[in-house]
Amino acid sequence: MQRTKKSYLSETVARLKPSGIRRFFDLASSMEGVISLGVGEPDFVTSWNIREACILSLEQGYTSYTANAGLLELRQEIAAYLARKFHIEYDPETEILVTVGASQAIDLALRATVNPGDEVIVVEPSFVAYESLVTLAGGVPVPVETNGDDHFKLRADQIERVITDRTKALIICSPNNPTGTVLHKEELEAIAQIAKKHDLLIISDEIYAELTYDDSYISFAAVDGMRERTILISGFSKGFAMTGWRLGFTAAPAEILQAMLKIHQYAMMCAPTMVQYGAIEALRNGEQDVEYMRKSYRRRRNYFVQSLNEIGLSCHMPGGAFYAFPSIQSTGLTSEQFAEKLLLEEKVAVVPGNVFGASGEGYIRCSYASSMEQLQEAIKRMKRFLDRL
Amino acid sequence: MKLTEKEIEIIEILEKDARIPIETLAKMVSLSVKETEAIMKKLEEMKVIVQYAALVDWRKVDGHEGVTAMIDVKVTPKRGVGFDEVAERIYRFPEVKSVYLMSGAYDLSVVIEGRSMSEVAQFVSEKLSTLDSVISTTTHFILKKYKHDGTVFDQGDQDRRIVMAP
Ligand SMILES: Cc1ncc(COP(=O)(O)O)c(C=O)c1O
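These protein sequence lines map, in sequence, to chains A and B. Position one of the first sequence corresponds to residue 2 (this note's numbering), numbered consecutively onward. Position one of the second sequence corresponds to residue 312 (this note's numbering), numbered consecutively onward.
Mixed in with the good hints there might be a few duds.
What the simulated footprint calls covered on chain B by chain A, stretch by stretch (three residues with Cβ under 8 Å from a Cβ of chain A suffice, anywhere in the stretch; the number is not a length) [stated by the list, open to error]:
#	region
1	379-390
2	451-464
3	471-477
Listed below are the simulated DSS-like cross-link pairs for lysine-lysine, each with C-alpha atoms no more than 27 Å apart in a straight line [claimed, not checked]:
#	chain 1	residue 1	chain 2	residue 2
4	B	Lys352	A	Lys296
5	A	Lys381	B	Lys353
6	B	Lys358	B	Lys317
7	A	Lys296	B	Lys385
8	B	Lys313	B	Lys358
9	A	Lys296	B	Lys371
Since the hints were made in silico from the structure, they are not lab data. The beta-carbon is built from N, C-alpha and C at its ideal position, and this holds for glycine as well.
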């Protein structure tokens, strides 16, 4: 009797969408001379003093596991950093966890808190991982679409509209990937009201906190009454130009953090040791380099966003991160068509907005973490492309 | 003098790339081209921006390799003018690229560029060491320039990132 072969895959994984960035990656990688605005990472190489600290730790033979939660010395530095920069106090012994990138911290936050069928609100356009990580944790992602005409601000009433009995948590990301939108004090406070009213957990992805250009940054955990219900997620990738190091951290009230630590100790043991030594140096002596990079991104943002508007791609001024998210609606093309045509005809790689959720359709994500020469050339090519359409 | 944030920003950008198109520069600091031009003009007039220079790697140009030497000079300071008078006598020589007053084992650090070693040697023995206040000189020839004024020569600064990433 013929039996259909069983699948070895979990149904959840089988149903998971592959990342929309992948298709463009394959296409762009096969071409020569591409200007890439498709990357979500700094174009700076990690500062030498940080690399040096990592090398030194290897020379000194620090090659064994650290504590599950990370080197205490590093957690102390993280606590001091959060207090200094964002005015929030965390206990390094029980409320801070060093993770393998902010990515792992997001995963842990969801797995530690979501019950099967719990709904987690994801603000779109959003970082590509949230929805899938919610699904993998057994939760149900509930998108809330923000609006380009409103600078992709998350409005409290939008959240309230999708809240049900099963709503457990809300993931917010400010500055946002892909829109660059930063939520300001009043907006955060309005969201905080809703969170309190409906007893929501907030997963606050603050990986771009170091990269805000117009106002000083307010951490969601620092908003009145939010610390007790917020899992703060951050890391070294963006602000310190350390994407390849795979190092992040999370801070949360002890009960939640200890639950995350439980998963972490079984799944990961600890973050890589030498990388943690690099991170200690980053927090102790990295401030000036971060400031230098931030300044440099700010200038490029100013140049790039104004130029986009001038060539006819209307774009709001993003307050943070290093993405411009211009509308391409005037061209009549879908974001996928636009990105593909632009890549094939002018060899400029951008990410189509629909990759970040339905409300990203009609937009493209351009990273301006590239040299000024590259940005100027990209604008030239994009103008040529638009003039031809 | 006290400069505005925008003025300082313009200086920082120009210091790295003096040839940046003014339209680009203006956008980077969110000013109009006219405003940017006015600021540049003011900075030039005030001698905050002293010169727009090119950093050249002469080793790459046949017949122009040249020789650079750093010379430690001990001098006797003069009553009333200290080191300034002798420093001025030295920096007026066209061969001299820079002169610094130093703390430590010697007084003036003098950088000389010449076409050949013997040209530099001749300058030191005939012009520099014969000055009245000069007590002694120690000449160090530069064998290779790795980094100059913050710029690394021959740095492979290609983008190491993959083309698309989250
Ligand atoms: C919003 C957001 N969160 C998290 C991450 C992942 O950061 P990490 O490199 O620390 O895992 C990214 C990377 O692109 C991001 O854009």
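Check each numbered hint against the structure and report the violated ones by number, ascending.
Those not satisfied are hints 1, 2, 5, 7 and 9.
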